[in-house]
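> Chains as they are written, first to last, in the numbering used here: chain G, 243 to 458; chain F, 7 to 459.
Simulated from the structure, these hints should not be mistaken for lab results.
Ideal placement from N, C-alpha and C gives every residue a C-beta, glycine not left out.
Keep in mind that the hints are not guaranteed to be accurate.
[Claimed, not checked] Here are the simulated SDA-like pairs of lysine to any residue, each with C-alpha atoms no more than 20 angstroms apart in a straight line:
id, chain 1, residue 1, chain 2, residue 2
1, G, Lys290, F, Lys263
2, F, Lys263, G, Glu419
3, F, Lys167, F, Lys274
4, G, Lys273, F, Val73
5, F, Lys72, F, Ala94
6, F, Lys167, G, Pro332
7, F, Lys263, G, Glu449
8, F, Lys14, G, Ala451
9, G, Lys421, F, Arg164
10, G, Lys273, F, Gly413
11, F, Lys14, F, Arg265
12, G, Lys290, F, Arg265
13, G, Lys327, G, Pro300
14, F, Lys9, F, Asp23
15, G, Lys327, G, Gln373
16, F, Lys9, F, Ser207
17, F, Lys165, G, Asp430
18, F, Lys165, G, Ile441
19, G, Lys290, F, Arg313
20, G, Lys273, F, Glu90
21, G, Lys290, F, Gln377
22, G, Lys421, G, Thr374
23, G, Lys421, G, Val433
24, F, Lys167, G, Ile416
25, F, Lys165, G, Glu419
26, G, Lys273, F, Asp79
27, F, Lys72, F, Ser105
28, G, Lys421, F, Asp23
29, F, Lys165, G, Ile420
30, G, Lys327, G, Ala451
31, G, Lys290, F, Pro412
32, G, Lys273, F, Lys165
[Stated by the list, open to error] Okay, the calculated bits of chain G under chain F, using three or more residues with CB under 8 angstroms as the criterion:
id, region
33, 250-260
34, 263-277
35, 301-313
36, 338-352
37, 362-370
38, 449-455
Given next are the chains, with one letter for each unit.
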Amino acid sequence: MDAIRVIEGAVSVLDRADVDTDQIIPKQFLKRVERTGFGEFLFYDWAKEPGWSLEAAPILAAGRNFGCGSSREHAPWALEDYGFKAIVAPSFADIFFSNCTKIGLLPVVLSEDEVRGVMAAGRARIDLESQTVTYWNAKDSTSLPNPSRDAKDSASLPNPSRGACGESTATFEIDQEIKRRLLNGLDDIGVTLQSADAIAAYERDRERAGPVTVGR
Amino acid sequence: MPKSLFDKIWEAHEVADSLLYIDLHLVHEVTSPQAFESLRLAGRTVRRPDRTLATADHNVPTDGSKVAAQIADQLSRVQVETLERNCAEFGVPVHSIGSARQGIVHVIGPEMGVTQPGMTIVCGDSHTSTHGAFGAIAFGIGTSEVEHVLATQTLQQRKPKSMLIRYEGALGYGVTAKDLILGTIGRIGVDGGVGHVIEYSGPPIEGLSMEGRMTVCNMTIEGGGRAGMIAPDDTTFEWVEGREAAPDPLPVDEWRKLRSEEGAVFDKEVVIDASALSPQVTWGTTPSMVTDVTSSVPDPASEGDERALEYMALEPGTPVQDIRLDRVFIGSCTNSRIGDLREAAEVVRGRRVAASVGAMVVPGSQQVAAQAEREGLDRVFREAGFDWRSAGCSMCLGMNPDTLAPGERCASTSNRNFEGRQGRGGRTHLVSPKMAAAAAVEGHFVDIRDWSS
Chain G
243 MDAIRVIEGA VSVLDRADVD TDQIIPKQFL KRVERTGFGE FLFYDWAKEP GWSLEAAPIL
303 AAGRNFGCGS SREHAPWALE DYGFKAIVAP SFADIFFSNC TKIGLLPVVL SEDEVRGVMA
363 AGRARIDLES QTVTYWNAKD STSLPNPSRD AKDSASLPNP SRGACGESTA TFEIDQEIKR
423 RLLNGLDDIG VTLQSADAIA AYERDRERAG PVTVGR
Chain F
7 MPKSLFDKIW EAHEVADSLL YIDLHLVHEV TSPQAFESLR LAGRTVRRPD RTLATADHNV
67 PTDGSKVAAQ IADQLSRVQV ETLERNCAEF GVPVHSIGSA RQGIVHVIGP EMGVTQPGMT
127 IVCGDSHTST HGAFGAIAFG IGTSEVEHVL ATQTLQQRKP KSMLIRYEGA LGYGVTAKDL
187 ILGTIGRIGV DGGVGHVIEY SGPPIEGLSM EGRMTVCNMT IEGGGRAGMI APDDTTFEWV
247 EGREAAPDPL PVDEWRKLRS EEGAVFDKEV VIDASALSPQ VTWGTTPSMV TDVTSSVPDP
307 ASEGDERALE YMALEPGTPV QDIRLDRVFI GSCTNSRIGD LREAAEVVRG RRVAASVGAM
367 VVPGSQQVAA QAEREGLDRV FREAGFDWRS AGCSMCLGMN PDTLAPGERC ASTSNRNFEG
427 RQGRGGRTHL VSPKMAAAAA VEGHFVDIRD WSS
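Please take these sequences and the hints and turn them into a complete structure.
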């Protein structure tokens with residue numbers, strides 16, 4: 243797994259809630275025994291709908307509970323193979339979140355309003371070390387904001403600190419152990435095998451009896 | 007501090023901080039090939055083949071094929087053959103196509119007795135939560151974690167939060183475990199349990215059979231829960247006793263300690279009145295889009311609802327019982343056990359499937375099929391016009407040839423009504439086995455309670 247520090251670039255938007263892994267990569271593509279080549283089948287059925295557009299970009303911004311349903315790691319594989327390096331959403335399904343961290347596809351949880359901000363910005367910079375997402379609203383710098391809309395925005399965007407030219411920075415939480423592994427591109431199994439003695443001691447002293455699956 | 011069932015099992019399996027020992031690792035053909043391949047490339051072995059068990063279920067045709075070579079779909083055949091080859095190479099016991107013990111991974115674990123109270127159980131499949139019905143911590147993992155467990159017999163896991171769903175009252179006539187969990191997901195939402203291990207408790211849970219408890223725990227993931235669990239009791243012990251991998255005698259005194267202590271604290275608690283529940287039918291494209299069989303298709307409350315109604319081709323206000331069906335599927339890791347088939351068979355006995363409906367029953371395992379055939383249930387289904395198939399995941403997800411055609415509408419005892427889940431363009435309504443059986447007969451949904459006699 244490659245180390246992750248900063249992911250910066252265009253943001254693709256998928257503004258739907260509860261996007262399940264059956265949509266991300268439908269079942270007919272799970273028959274492959276390889277880990278690569280799933281990107282071309284990403285959102286295979288939705289991609290046929292009129293008006294569908296999902297540019298390959300470093301960052302995907304999506305609705306809440308992204309990646310719910312099946313545990314298929316083929317979903318993160320497909321997203322990564324398509325070109326995404328990070329996904330920003332208000333929440334993720336547990337197994338999907340974990341699967342992403344295992345392959346170095348960075349899942350970032352921000353508030354609904356912050357995700358809206360990233361979606362509107364169209365461009366963002368995610369810094370894993372400082373746990374921040376910076377995004378710029380292109381519209382702010384090129385056109386006068388609609389006063390009423392601006393008032394609504396500022397009311398609904400209490401958290402991000404807003405800098406010059408519509409720059410906003412949001413912070414995100416991440417498990418520090420996951421962060422350490424991602425920052426250093428560590429192999430999970432290699433890390434765990436450093437505890438091989440502890441595992442052997444557990445098996446010697448505390449392992450519960452049975453069941454025995456072999457020979458049945 | 008008083009401990010919960012979850013706390014007790016978790017603590018008994020902590021090798022080190024956030025490193026959890028896994029007692030049982032179940033493996034199937036879809037999520038394992040890349041894990042075995044990575045092991046091979048890294049020169050690693052399977053640490054504990056004796057705590058690992060594999061079967062072929064997602065891909066297998068349900069036409070009675072006896073060996074992988076008979077699978078017509080080339081990719082499916084390769085995947086099943088790859089599983090068999092990997093298991094042989096790494097010494098993992100496997101019950102592949104043709105074995106008398108083959109079946110859906112979440113059906114064969116319990117039926118062989120390898121699923122036991124107090125265990126930690128994982129599998130590269132989200133419905134691993136099923137095994138929590140025995141008072142175990144059981145959850146789905148991805149392929150990287152499958153590889154990790156194969157290599158180390160452990161998982162790196164932060165302890166999830168805990169949630170208690172306590173049911174009061176009693177389930178009414180015709181209202182089943184499936185309705186209980188569908189109604190619960192309707193209440194908490196598809197992400198209501200995210201980050202939490204859910205313990206289900208209360209008299210309605212205690213009154214459920216093991217099959218019913220497995221149905222409830224199975225669908226925990228549809229409410230976003232990391233795992234679902236139920237404290238083991240006499241119902242559990244009686245069910246486990248005598249199974250081929252069960253301990254003899256059962257350590258019942260130890261297992262009785264597997265309960266949440268009085269005053270145990272949960273991060274979240276929900277109380278649900280089970281007596282208020284009716285038979286449930288989903289109308290949309292997530293399991294939380296669900297309503298009573300006596301109700302109507304609701305008005306959309308969000309963009310997602312609108313999209314779901316459009317996909318399902320349903321008009322708000324349509325009575326659920328006016329929804330006509332093309333297909334009926336009785337099967338899946340949610341509802342394919344012998345108890346489920348008995349319930350469905352009772353409904354169809356002496357009746358005929360509506361001429362407009364294609365109906366199929368897919369037993370969860372070869373052992374379930376054999377038991378059903380001993381009881382003559384296969385004849386009951388066949389005489390009613392059902393197609394009686396052999397064991398596998400089948401049309402729950404349609405990785406094998408059992409799929410819906412675009413636009414077809416299906417009453418299904420499975421667990422997901424996602425867009426295209428049972429076949430591209432297919433429309434799925436999740437229901438209990440009884441409700442599916444009655445719908446097959448009438449060609450539309452009916453309130454099973456009206457069939458009391």
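> So, for every hint listed, does it hold in this structure?
For each hint, the structure was consulted:
no.	hint	result
1	G:Lys290 with F:Lys263	54 angstroms, violated
2	F:Lys263 with G:Glu419	33 angstroms, violated
3	F:Lys167 with F:Lys274	8 angstroms, holds
4	G:Lys273 with F:Val73	18 angstroms, holds
5	F:Lys72 with F:Ala94	18 angstroms, holds
6	F:Lys167 with G:Pro332	18 angstroms, holds
7	F:Lys263 with G:Glu449	18 angstroms, holds
8	F:Lys14 with G:Ala451	17 angstroms, holds
9	G:Lys421 with F:Arg164	13 angstroms, holds
10	G:Lys273 with F:Gly413	24 angstroms, violated
11	F:Lys14 with F:Arg265	8 angstroms, holds
12	G:Lys290 with F:Arg265	50 angstroms, violated
13	G:Lys327 with G:Pro300	5 angstroms, holds
14	F:Lys9 with F:Asp23	18 angstroms, holds
15	G:Lys327 with G:Gln373	15 angstroms, holds
16	F:Lys9 with F:Ser207	15 angstroms, holds
17	F:Lys165 with G:Asp430	17 angstroms, holds
18	F:Lys165 with G:Ile441	18 angstroms, holds
19	G:Lys290 with F:Arg313	15 angstroms, holds
20	G:Lys273 with F:Glu90	15 angstroms, holds
21	G:Lys290 with F:Gln377	45 angstroms, violated
22	G:Lys421 with G:Thr374	13 angstroms, holds
23	G:Lys421 with G:Val433	14 angstroms, holds
24	F:Lys167 with G:Ile416	16 angstroms, holds
25	F:Lys165 with G:Glu419	13 angstroms, holds
26	G:Lys273 with F:Asp79	10 angstroms, holds
27	F:Lys72 with F:Ser105	8 angstroms, holds
28	G:Lys421 with F:Asp23	16 angstroms, holds
29	F:Lys165 with G:Ile420	14 angstroms, holds
30	G:Lys327 with G:Ala451	43 angstroms, violated
31	G:Lys290 with F:Pro412	14 angstroms, holds
32	G:Lys273 with F:Lys165	33 angstroms, violated
33	250-260	holds (count 3)
34	263-277	holds (count 11)
35	301-313	holds (count 6)
36	338-352	holds (count 4)
37	362-370	violated (count 0)
38	449-455	holds (count 7)
The structure shown violates the earlier hints numbered 1, 2, 10, 12, 21, 30, 32, 37.
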